Amino acid sequence: MSEMFDKLHSYFQLPAVRYALIVGLLIALCSSLLGVTLVMKRFSFIGDGLSHVAFGAMAVATITGVTNNMLIIMPVTIISAVLLLRTGNNTKIKGDAAVAMISVGALALGYMMMNIAAQNGSGRTSSNVTADVCSTLFGSTAILTLKPADVWICIAMSIIVVSVFLVFYNKIFAVTFDESFAKATGVRSDAYNLLIAVVIAVIIVIAMNFVGSLLISALIIFPALSAMRVFKSFRSVIICSVVISLLCAFFGIIISILAGTPVGSTIVSADITVFFIFCIISFVLKRGK
Amino acid sequence: MGALLKCENVALGYEGDVITKDLDFTVSSGDYLCIVGENGSGKSTLIKALLGLKPPLSGKIELCGEVGKNEIGYLPQQTLVQRDFPASVREIVLSGCMNRCGLRPFYNKEEKKLAHDMMRRLDIEPLTKRCYRELSGGQQQRVLLARALCAARKMILLDEPVTGLDPKATNEMYELIDSLNKKDKITVIMVSHDMNAAVRYASHILHIGRKQMFFGTKEDYMTSKIGQAFLSVMGGEENE
Numbered sequence: 001m002s003e004m005f006d007k008l009h010s011y012f013q014l015p016a017v018r019y020a021l022i023v024g025l026l027i028a029l030c031s032s033l034l035g036v037t038l039v040m041k042r043f044s045f046i047g048d049g050l051s052h053v054a055f056g057a058m059a060v061a062t063i064t065g066v067t068n069n070m071l072i073i074m075p076v077t078i079i080s081a082v083l084l085l086r087t088g089n090n091t092k093i094k095g096d097a098a099v100a101m102i103s104v105g106a107l108a109l110g111y112m113m114m115n116i117a118a119q120n121g122s123g124r125t126s127s128n129v130t131a132d133v134c135s136t137l138f139g140s141t142a143i144l145t146l147k148p149a150d151v152w153i154c155i156a157m158s159i160i161v162v163s164v165f166l167v168f169y170n171k172i173f174a175v176t177f178d179e180s181f182a183k184a185t186g187v188r189s190d191a192y193n194l195l196i197a198v199v200i201a202v203i204i205v206i207a208m209n210f211v212g213s214l215l216i217s218a219l220i221i222f223p224a225l226s227a228m229r230v231f232k233s234f235r236s237v238i239i240c241s242v243v244i245s246l247l248c249a250f251f252g253i254i255i256s257i258l259a260g261t262p263v264g265s266t267i268v269s270a271d272i273t274v275f276f277i278f279c280i281i282s283f284v285l286k287r288g289k
Numbered sequence: 001m002g003a004l005l006k007c008e009n010v011a012l013g014y015e016g017d018v019i020t021k022d023l024d025f026t027v028s029s030g031d032y033l034c035i036v037g038e039n040g041s042g043k044s045t046l047i048k049a050l051l052g053l054k055p056p057l058s059g060k061i062e063l064c065g066e067v068g069k070n071e072i073g074y075l076p077q078q079t080l081v082q083r084d085f086p087a088s089v090r091e092i093v094l095s096g097c098m099n100r101c102g103l104r105p106f107y108n109k110e111e112k113k114l115a116h117d118m119m120r121r122l123d124i125e126p127l128t129k130r131c132y133r134e135l136s137g138g139q140q141q142r143v144l145l146a147r148a149l150c151a152a153r154k155m156i157l158l159d160e161p162v163t164g165l166d167p168k169a170t171n172e173m174y175e176l177i178d179s180l181n182k183k184d185k186i187t188v189i190m191v192s193h194d195m196n197a198a199v200r201y202a203s204h205i206l207h208i209g210r211k212q213m214f215f216g217t218k219e220d221y222m223t224s225k226i227g228q229a230f231l232s233v234m235g236g237e238e239n240e
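Chains as they are written, first to last, in our numbering: chain V, 1 to 289; chain S, 1 to 240.
The set of hints was computed from the structure by calculation and includes no laboratory data. Please note that a few of the clues may not be correct.
Claimed, not checked - Below, in silico cross-link-like pairs of lysine to any residue (SDA-like), each with a Cα-Cα straight-line distance of 25 Å or less:
| id | chain 1 | residue 1 | chain 2 | residue 2 |
| --- | --- | --- | --- | --- |
| 1 | S | Lys129 | V | Cys279 |
| 2 | V | Lys232 | S | Lys54 |
| 3 | V | Lys232 | S | Gly138 |
| 4 | S | Lys54 | V | Gly186 |
| 5 | S | Lys154 | S | Glu111 |
| 6 | S | Lys129 | V | Arg287 |
| 7 | S | Lys54 | V | Glu179 |
| 8 | S | Lys211 | S | Asp178 |
| 9 | S | Lys54 | V | Arg235 |
| 10 | S | Lys69 | V | Tyr192 |
| 11 | S | Lys129 | V | Asp190 |
| 12 | S | Lys112 | S | Asn181 |
| 13 | S | Lys54 | V | Asp190 |
| 14 | V | Lys41 | S | Asp84 |
| 15 | S | Lys109 | V | Arg188 |
| 16 | V | Lys232 | S | Asn108 |
| 17 | S | Lys129 | V | Ile280 |
| 18 | V | Lys41 | S | Lys129 |
| 19 | S | Lys113 | V | Asn170 |
| 20 | S | Lys69 | V | Ile281 |
| 21 | V | Lys232 | S | Ser232 |
| 22 | S | Lys154 | V | Ser180 |
| 23 | S | Lys112 | V | Ser233 |
| 24 | S | Lys183 | S | Gly216 |
| 25 | S | Lys60 | V | Glu179 |
| 26 | S | Lys129 | V | Ile281 |
| 27 | V | Lys232 | S | His116 |
| 28 | S | Lys113 | V | Leu166 |
| 29 | S | Lys129 | V | Ile257 |
| 30 | S | Lys21 | S | Gly216 |
| 31 | V | Lys7 | V | Ile257 |
| 32 | V | Lys232 | S | Gln77 |
| 33 | V | Lys232 | S | Lys60 |
| 34 | S | Lys6 | V | Ala16 |
| 35 | S | Lys69 | V | Leu195 |
To be verified - Chain V residues, not near chain S, derived (Cβ > 12 Å throughout):
| id | residue |
| --- | --- |
| 36 | Ala16 |
| 37 | Tyr19 |
| 38 | Thr64 |
| 39 | Met112 |
| 40 | Val151 |
For clarity, every value in this text was computed on a predicted model and none was experimentally measured. No residue lacks a Cβ here, since even glycine has one placed at the ideal position from N, Cα and C.
Based on the sequences and whatever the hints tell you, model everything.
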């Protein structure tokens, strides 16, 4: 036991590990906030779809050799988020189908472009495409090579996301619970939907480097689903899912350091475990009544 | 008594298929309008159009000077609301005050008091902290009505307000809506299957089918041919 703590202690002497922990917790916090909204709006998969779009955008950025990936990834993802949430309700292609289409489409095109670029040796691609792609999909150890600047960007983004969420909390509730009522009674629900879309896109782009684009949905959805098993009001569900998400991220990172497992999938495993625990709790509570 | 809502030559439908047309009527301040008609005649669609949720195929729907978009309450058909949503009764009723907030992010004291008053008025005070999805159908309906009342300052639109209620609750619901109209001077527009209630409480009747069949006061409706024919069919069903 004490060996473990010694090991942890020595790790935490390294700035890289501390940065990773800070960034990890901030991402967990942000991603859990909008989980309930997405689940209730039947947009659980938008995280998946958007992260694949971000993957495609990243491929383009890598090939064209733009110095800062974010310049391409962020706008593309935000635009896709807006299009998906907006058209989801009343177009010929329904929300879930549109998400699936964009998601796999971007994934396929992104992977293809990276391969072609690697063959031609253009841009900044390394020869090891499979490893590159794998780390984008499942998150990488790049979390341990964060520079202070990255950490500050992440902190700034998190502050923006959290304060937007707090300021518009009541509006987000109204628009999520019953959009047509909100619209009918003169609340500008379109504007708030747009806001939700932009915030989600920002969260996904921040989180992508961390858990990878395949696992982001888990980070967004699992804490919300777990909390919804047990808690009854919107506010308590949100608070609970934030707490779950933070705890899972914290222990996930610690375990991944000690056991040498991939960061993203360790955190998601922790989330899954909590989900089953909450399922059992809700079952026991119902029996108890 | 000025006009609040004007419908001129409105046609409604989905993607080019006309459900109902030639809708031409005016709702004045203080009216209690009941919209009747057979299933599929576009009553709910009309409500949505009046609320601006669905644009009409042609024609014009206008809110007139006195009433603003954010002074309208709306009780949707219950099937439209998410039944498995994790929200407490208080949170839902309070969300009816949203249209008073404008850009202000949080509810103020008056709005919280209003929500509380409405809950007391509808006898759902003891349920304040309960979860919406665990309530019975009738209780859920009251919660949604309380929310609509918070939003309604001048006008309220109700879509089948008594669906799923037992006879006693149905009566209470009608009495409540009536007192809103008479005491609080709120203009009521209601869709209903229940012809007996329509002719008992409403001041005006709008009967729609493939087109507008009748619009006028309740008294005129009861002496008109269409009114008598429809009443004998629908009224008979209710009594069985």
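- If you check each hint against the structure, which ones fail? Going through the list in order, the structure violates hints 2, 8, 9, 11, 20, 21, 29, 33 and 34 and respects the others.
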